[in-house]
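Residue numbers (my numbering), protein chains in the order written: chain A, 1 to 339; chain B, 340 to 956.
Calculated directly from the structure, the hints in this document are not laboratory data. The reader is advised that the hints may include incorrect statements.
Far from chain B, by Cβ distances over 10 Å, these chain A residues were calculated [what the hints assert, rightly or not]: (1) L80; (2) W155; (3) G210; (4) R236; (5) G287.
30 Å max Cα-Cα, derived DSSO-like pairs, lysine-lysine [unchecked claim]: (6) B:K943 x A:K67; (7) A:K153 x B:K943; (8) B:K850 x A:K111; (9) A:K67 x B:K492; (10) B:K545 x A:K95; (11) B:K581 x A:K67; (12) B:K943 x B:K581; (13) A:K111 x B:K443; (14) B:K581 x A:K194; (15) A:K67 x A:K153.
One side only, chain B facing chain A, incomplete, derived with CB under 10 Å [said to hold, decoys possible]: (16) Y481; (17) S482; (18) V483; (19) D544; (20) A598; (21) L600; (22) W815; (23) G816; (24) N834.
Cβ atoms here follow ideal geometry from the backbone N, Cα and C, with glycine treated the same way.
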Amino acid sequence: MLIAYISGLCDDLIVFYKDKWGWQQLLKYSLKRLVKSMVTLFIVISVVFLFMRLMPEEGYFGQGYEKLDLVQREAILTNLGLRDPWFVQLGHFYKDLFHGDLGTSITYRPKVAVAEIIESKIFYSLYFGLAALVIALIAGISMGILMARSKNKFWDKLGNGYIVFISAVPAAVYYLFLQLYVTDIFNLPILFNKSNPVSFILPALSMALGPTAGYAMWMRRYMVDELNKDYIKLARAKGLSNKVIMRKHVLRNAFVPMAQYLPASILYTLVGSIYIESLYSIPGTGGLLVDTIQRQDNPIVQALVLIYASVGIISLFLGDMLMASFDPRINLDKQGGIR
Amino acid sequence: MKKVIALMLTVALSMSVLAGCKDSAPKDKKTDVKQEYSTVYSEELTTLNYLVTASENEFAVAANLVDCLVEHDKYGVVKPSLATDWSVSSDGLVWTFNLRKGVKWVDAAGKEYAEVQAQDFVDGMNYVLDKKNNSETANLAYSVLKDAEKFYKGEVTDFTQVGVKAKSPYVLEYTLKAPTPYFLSMLTYVCFMPVNGKFLAETGDKFGTDNKTLLYNGAYLLQTYEPQNSRVLVANDKYWDKTNVFIKKLTYTYNKEAATLSPELFTRGEITDATIPTASIDEWMNDPTKKETVRPIATTFYTFFYAFNFNPKFDVKYQPENWKAAVNNLNFRKSLFNALDKTAAMTTAEPYEPARRLSNTITPKNFIDIKGVDYTALGSLAKTSSTSSFDATKAKDFKTKAMEELKGKVTFPVKVVMPYNTSSSDWTNRAQVIEQQMETLLGKDFIDIIILPYPPTGFLNATRRAGNYSFMECNWGPDYADPQTYTDPFTSESNYSWISLATDYKEANGKGKYENMVNAAKAEILDTSKRYKLFADAEQFLIDQAFVIPYSLGGGGFIASKLDPFTSPYSPFGVSSSKFKGQKIMDKAMNTATYKKGFDAWQKARSEALKVAANKK
């Protein structure tokens with residue numbers, strides 16, 4: 001995990017910054033970021049670890065609790081390591097972690113490695129998340145551009161109507177409607193079935209609806225902002241064609257604020273959409289966190305928190321980098337206003 | 340160009356029509372119903388390791404994959420399975436089983452691995468009793484086997500001292516702690532199942548984590564196992580009794596919304612059976628076509644009762660001390676005992692024929708009997724079991740007496756904390772019905788029932804086990820064929836209602852009267868008749884002194900199913916009832932009328948079969 005983080009970081013930065021920053025500055029900045037992230041991760045995971053151990057002990061036994069006697073309960077809890085003092089338990093956890101061992105499940109699927117459980121589910125969440133993201137980006141940005149170009153005319157009004165509808169109606173409602181009526185009209189399967197490729201379509205489309213509205217709205221706003229700026233007037237006065245202005249200047253500048261959130265959107269697809277996955281019966285990681293907290297499967301909860309926290313930290317970092325690469329005015333290191 | 344396209348389309352269309360015509364084969368006069376079962380489920384298995392789990396869901400799967408020494412037929416009569424015959428020593432301590440020869444362990448692909456031998460039962464028990472394996476059913480085994488508990492606790496380290504031995508490859512011997520006449524009924528429980536020692540050592544920690552790390556000797560193999568997706572069981576070709584396995588394939592598809600979607604899937608013909616949720620029963624009963632496809636589900640031996648808490652630990656604002664003082668008064672308890680209208684309460688879960696699920700005793704009817712006389716008809720229990728506890732006049736009578744006796748000691752109305760689980764819409768309705776009904780009957784000057792909703796996660800931990808209730812619906816299931824199993828919730832070690840803390844019942848030895856009665860019954864090992872009568876008296880005492888209000892049996896409801904219910908193996912405990920061996924799929928679902936006729940016939944046949952079996956002994 002750490003190695004992937006570091007090498008990914010290096011690659012990106014080398015490509016974009018060779019001519020802007022010196023090697024030493026780059027390394028210094030990344031190391032600082034790295035150390036801060038490690039501290040954050042450590043705090044987050046330790047806190048979650050300790051919280052899980054405050055849960056009632058009966059939760060570890062599932063259905064059979066009434067029939068167990070005291071000797072059995074003690075034996076089982078001791079074997080699970082739950083009777084050791086908290087710092088001993090924490091120590092074991094970090095020791096295993098440094099060896100790359102995420103632990104084994106205790107109640108969700110006993111004796112099965114956590115890595116194996118998450119691995120088998122992550123593909124589905126990633127697929128649907130990325131598919132939805134790609135659809136949303138293409139559809140959303142195109143729609144935003146179209147709306148900005150036909151400002152206050154028909155397409156703009158239509159787009160606005162769509163955005164308002166999506167924002168006002170709760171996602172749960174339109175997801176459900178889609179599932180019931182679209183499957184009826186087009187004769188699609190109601191539930192996800194991995195052997196039926198047709199069932200891969202609707203969940204991804206449903207997930208894309210919300211973000212599409214978001215991207216469209218922001219794209220339109222930033223483009224309209226840019227179009228009103230002085231340098232565009234100059235470009236027009238210079239005689240540049242509309243197409244060139246849009247492509248080389250407006251689009252690029254409008255995209256900058258959105259770039260910051262792009263890595264986060266990509267990485268958060270790992271988390272999976274809890275609602276869509278439960279509605280279409282998709283075996284992804286969406287419901288996994290909630291499920292494992294309820295069942296008090298500590299190793300899986302800890303592993304998931306570790307992954308999600310790392311995802312959050314990495315995506316913030318990459319987002320900053322990406323944004324800086326688009327906009328030369330942004331200087332990540334120094335404090336200071338716009339030059 | 341257009342003409343060419345039109346011509347091509349016509350050709351394509353006619354070809355598809357012709358292809359359709361060719362495909363339909365001439366129908367057979369008598370089509371055999373395809374013996375393949377499919378259904379949807381929402382609760383996924385956590386493990387396939389049958390030696391450690393205590394989940395009903397997982398028992399049901401294990402029942403079809405691994406056989407036990409004995410099994411039950413469709414009337415509940417014990418039949419040989421992996422054991423062909425057995426005998427008990429004269430002192431009742433040593434049970435010897437002769438094993439069936441030539442039974443094979445196979446792997447998930449159906450390939451033979453080894454023969455099933457007596458050592459497999461010893462290895463299974465060794466695994467269960469080894470503390471580090473975290474078996475949740477170990478206590479059932481060590482409650483009867485000699486030195487088993489000592490081995491579990493580590494006081495004995497040599498497993499050969501424990502009361503299970505392979506005398507020879509096909510002779511297995513169990514030595515018990517004390518004579519246990521119901522020992523045979525315990526053998527169909529997962530902790531007594533065999534396992535191949537060599538395979539277990541090879542797979543180590545991975546045993547039972549998926550279908551490839553498991554061996555099978557039962558009617559089915561687990562061909563596919565994909566958690567949160569599906570599982571498929573296929574008939575075991577090498578099964579010793581394969582002529583009695585009619586359903587060849589069992590397909591389970593995971594579906595988070597199984598409970599709500601399954602009736603729809605059944606109507607479309609995609610699954611073999613679907614339980615009808617209580618909320619949809621009316622809809623199905625009012626539709627003439629659908630009505631013909633549903634039948635009642637039989638009641639189970641799970642017993643439900645309302646308990647009075649003698650160790651209240653709830654919020655001070657509900658006055659636990661006040662409740663404690665009131666509940667220790669016999670007349671107060673009796674007034675509530677007679678005030679609960681069980682039929683009204685039951686109608687929330689069983690709107691059609693609520694009476695069939697009600698019970699006036701803790702031990703259900705038809706559980707066990709002595710020489711043909713049902714346990715619930717023994718001694719003083721007979722009158723209780725046939726009389727409904729609901730009696731408005733008596734309730735008001737006891738109320739007057741209670742208010743007189745408790746004047747000055749207790750503040751009226753007494754606050755009655757009654758929690759319920761919000762995930763069950765039936766229970767939510769029932770709590771409201773009971774609150775209204777009892778308060779109206781007894782008057783709000785006497786009791787003030789406060790219903791408290793709790794979420795399903797950790798429900799029991801938050802309520803019953805923590806003493807956080809005054810009056811609450813509880814349940815219990817039997818583990819073996821003896822009345823002792825239904826006394827477990829009321830012992831001093833249990834966390835149900837702390838009856839042992841009731842103030843007026845202490846006897847000379849410092850224990851409560853009920854506890855002494857139960858211990859005396861438990862001590863009666865040799866004379867089964869006397870033993871059952873003593874337990875019946877203890878239960879009568881429990882009910883007569885209104886420590887609990889027996890309420891109902893589990894099961895019930897309606898199901899749309901193509902399985903013939905009267906071909907299924909039957910037993911009140913253990914895993915036999917979950918076996919698909921012997922079951923047949925019909926061409927259409929059974930309706931209520933046919934079911935009732937069949938059930939009556941089955942009950943008659945069952946009592947005949949039990950009599951025959953009893954005489955053989």
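Going through the hints against the structure:
1. A Cβ of chain B approaches the Cβ of L80 (chain A) within 10 Å, the least distance being about 7 Å, so the stated non-interface status is violated.
2. In this structure W155 (chain A) is separated from chain B by more than 10 Å, as the shortest Cβ-Cβ distance comes to about 35 Å.
3. Annotated as non-interface, G210 (chain A) keeps its C-beta farther than 10 Å from every C-beta of chain B; the closest such distance is 21 Å.
4. Every Cβ of chain B is farther than 10 Å from the Cβ of R236 (chain A); the closest lies at roughly 48 Å, confirming the non-interface assignment.
5. Once the 10 Å rule is applied to beta carbons, G287 (chain A) is inconsistent with being away from chain B; the minimum gap is 8 Å.
6. Of the supplied pair hints, the one linking K943 (chain B) and K67 (chain A) is violated, its CA atoms being roughly 34 Å apart against a limit of 30 Å.
7. A hinted pair counts as satisfied when its Cα atoms are at most 30 Å apart, and K153 (chain A) with K943 (chain B) does not qualify at roughly 82 Å.
8. Between K850 (chain B) and K111 (chain A), the direct Cα distance comes to roughly 43 Å. Violation of the 30 Å bound is thereby established for this hinted pair.
9. For the hint linking K67 (chain A) to K492 (chain B), the alpha-carbon distance of about 17 Å falls within 30 Å, and the restraint holds.
10. Pair hint K545 (chain B) plus K95 (chain A) holds up; C-alpha atoms about 23 Å apart against a cutoff of 30 Å.
11. A hinted pair counts as satisfied when its Cα atoms are at most 30 Å apart, and K581 (chain B) with K67 (chain A) does not qualify at roughly 34 Å.
12. Between K943 (chain B) and K581 (chain B) the CA atoms are separated by roughly 28 Å; this keeps the pair inside 30 Å, and the hint holds.
13. A distance of roughly 27 Å separates the Cα atoms of K111 (chain A) and K443 (chain B); the hinted pair therefore holds under the 30 Å criterion.
14. For the hint linking K581 (chain B) to K194 (chain A), the alpha-carbon distance of about 33 Å lies beyond 30 Å, and the restraint is violated.
15. Taking the CA atoms of K67 (chain A) and K153 (chain A), the gap is near 71 Å; set against the 30 Å cutoff, the hint is violated.
16. Below 10 Å, beta-carbon pairs count as interface contacts, and Y481 (chain B) has one with chain A at about 9 Å; its hint therefore holds.
17. The criterion of a C-beta within 10 Å of any C-beta in chain A is met by S482 (chain B), whose closest approach is roughly 9 Å, and the hint holds.
18. A hinted interface residue such as V483 (chain B) counts as satisfied when its beta carbon comes closer than 10 Å to some beta carbon of chain A; here the least separation is about 14 Å, so the hint is violated.
19. A distance limit of 10 Å between C-beta atoms decides the matter here; for D544 (chain B) the minimum to chain A is near 5 Å, and the interface restraint holds.
20. Look at A598 (chain B): its Cβ only gets to about 13 Å from chain A, farther than 10 Å, so that hint breaks.
21. Given hint, L600 (chain B) at the interface with chain A, holds; its Cβ is 8 Å from that chain's nearest Cβ, closer than 10 Å.
22. With a cut of 10 Å, the hint placing W815 (chain B) at the interface with chain A holds, because the nearest CB-to-CB distance is about 7 Å.
23. A hinted interface residue such as G816 (chain B) counts as satisfied when its beta carbon comes closer than 10 Å to some beta carbon of chain A; here the least separation is about 9 Å, so the hint holds.
24. Hint on N834 (chain B) holds. Least Cβ distance to chain A is approximately 8 Å, under the 10 Å limit.
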